[in-house]
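**Student:** Chain by chain, the residues:
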Amino acid sequence: MPAANPAISAAVRRIPPPIYRWLGDRIFLAGVVLFGLSVMALAVSLALVLYREGAAAITTFGFFGFLKGTTWDPALRLEFGALPFLIGTLVTSIAALALSFPPAIAVAIFSAEYAPRWLAHIIDGLVDLIAAVPSVVVGIWGIFVFAPWMRETFYMPAYLWAADRHPDLLPLLGSPIGYGMTTAVIVLALMIIPFTAALSRDAIRLVPKEQREAALALGATRWEVIRMAVLPYARSGIIAGAILSFGRAIGETMAVAMLIGNKNTLPFNLFGAAATMPSVIVNEFREAVENLHLSSLMAIGFYLFLISLLVNLFAAYLQRKMAVSGGRAV
Amino acid sequence: MNLKRRHWRDRLMLGVLSAATVLVLIPLFIVIVYVVVQGIGALNGDFFTKELGSPARAQMGQETGLVHTILGTMVVDLLALLLAVPLGIGAGIMLSEYPDHRLNPLLRLLNDTLNGMPAILKGLLAFALIVKPMGTFSGFAGAVALAFVMLPIIARTTESALMIIPWSIREAGLALGLPRWRVVLSTIIPTARVGLMTGILIAFARAAGEAAPLLFTSFGNNYLPSHWSGWLLGPVDTLPQRLYSLAISPYKQWHEMGWAAGIILLSMVIVAFVIGRLAWSGSRVAKR
Numbered sequence: 001m002p003a004a005n006p007a008i009s010a011a012v013r014r015i016p017p018p019i020y021r022w023l024g025d026r027i028f029l030a031g032v033v034l035f036g037l038s039v040m041a042l043a044v045s046l047a048l049v050l051y052r053e054g055a056a057a058i059t060t061f062g063f064f065g066f067l068k069g070t071t072w073d074p075a076l077r078l079e080f081g082a083l084p085f086l087i088g089t090l091v092t093s094i095a096a097l098a099l100s101f102p103p104a105i106a107v108a109i110f111s112a113e114y115a116p117r118w119l120a121h122i123i124d125g126l127v128d129l130i131a132a133v134p135s136v137v138v139g140i141w142g143i144f145v146f147a148p149w150m151r152e153t154f155y156m157p158a159y160l161w162a163a164d165r166h167p168d169l170l171p172l173l174g175s176p177i178g179y180g181m182t183t184a185v186i187v188l189a190l191m192i193i194p195f196t197a198a199l200s201r202d203a204i205r206l207v208p209k210e211q212r213e214a215a216l217a218l219g220a221t222r223w224e225v226i227r228m229a230v231l232p233y234a235r236s237g238i239i240a241g242a243i244l245s246f247g248r249a250i251g252e253t254m255a256v257a258m259l260i261g262n263k264n265t266l267p268f269n270l271f272g273a274a275a276t277m278p279s280v281i282v283n284e285f286r287e288a289v290e291n292l293h294l295s296s297l298m299a300i301g302f303y304l305f306l307i308s309l310l311v312n313l314f315a316a317y318l319q320r321k322m323a324v325s326g327g328r329a330v
Numbered sequence: 331m332n333l334k335r336r337h338w339r340d341r342l343m344l345g346v347l348s349a350a351t352v353l354v355l356i357p358l359f360i361v362i363v364y365v366v367v368q369g370i371g372a373l374n375g376d377f378f379t380k381e382l383g384s385p386a387r388a389q390m391g392q393e394t395g396l397v398h399t400i401l402g403t404m405v406v407d408l409l410a411l412l413l414a415v416p417l418g419i420g421a422g423i424m425l426s427e428y429p430d431h432r433l434n435p436l437l438r439l440l441n442d443t444l445n446g447m448p449a450i451l452k453g454l455l456a457f458a459l460i461v462k463p464m465g466t467f468s469g470f471a472g473a474v475a476l477a478f479v480m481l482p483i484i485a486r487t488t489e490s491a492l493m494i495i496p497w498s499i500r501e502a503g504l505a506l507g508l509p510r511w512r513v514v515l516s517t518i519i520p521t522a523r524v525g526l527m528t529g530i531l532i533a534f535a536r537a538a539g540e541a542a543p544l545l546f547t548s549f550g551n552n553y554l555p556s557h558w559s560g561w562l563l564g565p566v567d568t569l570p571q572r573l574y575s576l577a578i579s580p581y582k583q584w585h586e587m588g589w590a591a592g593i594i595l596l597s598m599v600i601v602a603f604v605i606g607r608l609a610w611s612g613s614r615v616a617k618r
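Going down the list, the protein sequences come from chains A and B.
The letter at position 127 of the first sequence is residue 127 when you use the working numbering, and the numbering goes up by one with no holes.
The letter at position 123 of the second sequence is residue 453 when you use the working numbering, and the numbering goes up by one with no holes.
Be aware that one or more of the hints could be misleading.
Some chain B residues near chain A, calculated using beta-carbon distances under 8 Å [said to hold, decoys possible]:
| no. | residue |
| --- | --- |
| 1 | VAL354 |
| 2 | VAL365 |
| 3 | THR443 |
| 4 | LEU454 |
| 5 | PHE478 |
| 6 | GLY539 |
Label-pair ranges, simulated between beta-carbon atoms [unchecked claim]:
| no. | chain 1 | residue 1 | chain 2 | residue 2 | range |
| --- | --- | --- | --- | --- | --- |
| 7 | B | VAL604 | A | VAL91 | 30 to 40 Å |
| 8 | A | SER45 | B | GLU393 | 40 to 50 Å |
| 9 | B | LEU342 | A | ILE122 | 17 to 27 Å |
| 10 | B | GLU393 | A | ALA158 | 44 to 54 Å |
| 11 | A | THR59 | B | VAL363 | 43 to 53 Å |
| 12 | A | ILE94 | B | PHE359 | 21 to 31 Å |
| 13 | B | GLY391 | A | ARG286 | 27 to 37 Å |
| 14 | B | LEU433 | A | TRP22 | 14 to 24 Å |
Treat the hints as calculated values from the structure; they're not laboratory data.
Beta carbons are placed, not taken as given, at the ideal position from N, Cα and C, and that holds for glycine.
Start from the sequences, fold in the hints, and give me the full structure.
**Tutor:** Okay, here's the thing in structure tokens:
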């Protein structure tokens with residue numbers, strides 16, 4: 001060993017007293033845990049506060065009675081039931097998920113299996129960019145471009161055809177104003193594609209190389225490798241991604257509120273206006289004057305919380321089963 | 331199934347998959363092009379220097395703009411970052427630097443739950459916690475609502491950014507006799523700088539586009555506040571919420587301003603997103 005380096009011995013001499021590390025570590029840990037605790041407190045208070053604010057409506061109409069009620073009348077009778085919005089949310093989200101799932105999987109497979117690295121990079125970036133486009137920007141495009149285009153191209157011809165040939169279909173189709181269920185579902189599907197695509201892509205990339213090589217060695221074509229060796233292996237990850245996208249669809253607010261037409265009574269039909277849980281909150285919260293009305297909107301928020309919680313926990317459970325580590329904030 | 335048919339099918343699937351990829355990306359370009367084309371006409375000097383005022387102003391062709399909206403967005407977004415960044419990074423440090431802490435599984439679960447919650451619910455929470463006791467809509471309440479949106483994202487990205495740093499670096503610091511907190515603050519955080527910035531930018535991009543939480547908290551305002559305290563304690567205009575109000579208004583002139591607000595909002599979000607992404611992939615390549 002060479003002679004003591006003067007810099008090191010100076011540093012050794014400057015070693016602070018033990019109280020410095022003991023106290024410093026205690027204080028640092030306490031501070032960090034305090035921050036962690038406040039994040040936890042925030043999540044818990046979200047549930048508690050929404051329940052407290054919605055309690056008046058929930059006790060007036062009953063925990064399930066509020067969900068089962070079909071009347072939403074903030075003006076005369078002050079009777080509030082959330083069934084139209086519950087149905088609107090579930091129907092639009094399920095339809096949007098069904099519509100977005102095939103193209104999202106296709107993008108994921110193409111990017112992870114076929115595209116060369118530079119192209120995959122570009123595709124991944126653009127798909128993630130779709131998720132970054134603000135909901136209101138999609139909404140303004142929907143209001144002035146997409147909804148009128150859908151009306152002229154699909155709704156009016158279909159409606160006129162039905163009026164001509166099958167008048168019995170008319171109540172099913174609903175009025176072809178352009179702002180309604182189908183328009184909202186298509187836009188919603190577009191907005192959740194990036195979530196399904198990104199999570200499926202990650203799941204596909206995690207499939208071990210040996211899995212593919214084994215299938216290739218058996219003489220499988222590229223597509224057969226994907227179908228027989230890759231997709232089954234990545235299945236639970238893909239399903240978890242789809243469920244997380246479903247959670248996104250449930251909570252998607254602005255674009256839906258701007259395009260769904262906002263009709264608070266059942267029944268909903270194919271082209272006609274409808275409403276979802278977030279859309280009714282956006283539309284009525286700022287104008288709600290009656291305490292019970294305000295409380296009912298908060299109660300809808302509470303049920304929205306419960307549904308999102310169930311969906312997220314289920315997806316987390318599936319992902320844990322798949323045992324993929326690392327945090328991805330999509 | 332003979333070999334020829336299998337190969338044919340292979341090529342067919344490749345065609346279907348690439349077609350679907352193009353189909354998914356087309357709407358993105360359509361939206362961007364429409365926003366730019368429709369809004370560029372309203373992006374003039376008045377847009378950046380005048381306040382909006384009543385609808386009559388726009389209809390009579392008087393000068394109107396969104397200067398109060400742009401300033402309000404800056405105030406609310408910056409304040410939200412100020413609130414969310416320390417908390418989020420602190421929670422992220424707890425998750426990555428104290429992996430054995432007993433509360434960590436619960437923190438991770440609750441943080442992910444919070445992250446998965448619709449932003450509109452965080453707006454309702456900020457309404458109940460801030461607007462109701464204060465008795466007025468305020469820029470501060472809007473910032474708190476956006477901070478609720480950013481917080482779980484920052485915590486999660488901080489955790490991943492710190493986890494990438496090899497444990498050997500921490501061990502080296504500890505072996506030199508540094509206390510644990512100095513190891514974290516002087517070696518781990520500076521090394522993970524780029525990752526942390528990326529997380530903050532991603533959180534910013536997500537929160538800056540949210541209109542729903544702001545509708546019940548900062549509410550909106552057609553005019554500049556008369557006193558500087560009005561930015562924090564009174565109703566404040568922000569871009570996403572103003573864009574929504576303009577788009578659903580019945581005035582043609584306001585629609586055009588809505589598209590122009592879309593240009594600003596979109597470029598803000600895209601710039602944050604692209605910088606964050608480039609920095610992220612750059613830092614990853616450097617480490618390989």
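**Student:** Against this structure, judge whether each hint is valid.
**Tutor:** Right, here's what the structure says about each hint:
Among the interface hints, the one on VAL354/B holds; its C-beta lies about 5 Å from the nearest C-beta in chain A, closer than the 8 Å criterion. Proximity of VAL365/B to chain A holds as hinted, the smallest CB-CB distance being about 6 Å (cut-off 8 Å). Contact between THR443/B and chain A, as hinted, is supported at the beta carbon level, the nearest pair being about 5 Å apart and thus within 8 Å. Of the supplied interface hints, the one on LEU454/B holds, with its beta-carbon coming within about 5 Å of a beta-carbon of chain A, less than 8 Å.
At its closest, the beta carbon of PHE478/B sits 7 Å from a beta carbon of chain A; the interface hint therefore holds under the 8 Å criterion. Given the 8 Å rule on beta carbons, the hint for GLY539/B holds: about 3 Å separates it from the nearest Cβ of chain A. One distance hint, 30 to 40 Å for the beta-carbon pair VAL604/B and VAL91/A, holds here, with the actual separation near 36 Å. Evaluation of the 40 to 50 Å hint for SER45/A and GLU393/B yields a pass: the beta carbon distance comes to about 45 Å.
Against the hinted window of 17 to 27 Å, the Cβ-Cβ separation of LEU342/B and ILE122/A comes to about 24 Å, which satisfies the hint. For GLU393/B paired with ALA158/A, a C-beta distance near 45 Å keeps the hint of 44 to 54 Å intact. Evaluation of the 43 to 53 Å hint for THR59/A and VAL363/B yields a pass: the beta carbon distance comes to about 51 Å. Checked against the given bound of 21 to 31 Å, the beta carbons of ILE94/A and PHE359/B, roughly 28 Å apart, stay inside it.
For the hinted restraint 27 to 37 Å between GLY391/B and ARG286/A, the CB-CB distance of approximately 29 Å keeps it satisfied. Distance hint for LEU433/B and TRP22/A: a CB-CB separation of about 22 Å, consistent with the stated range 14 to 24 Å.
Comparing the model with each earlier hint shows no violations; every hint is respected.
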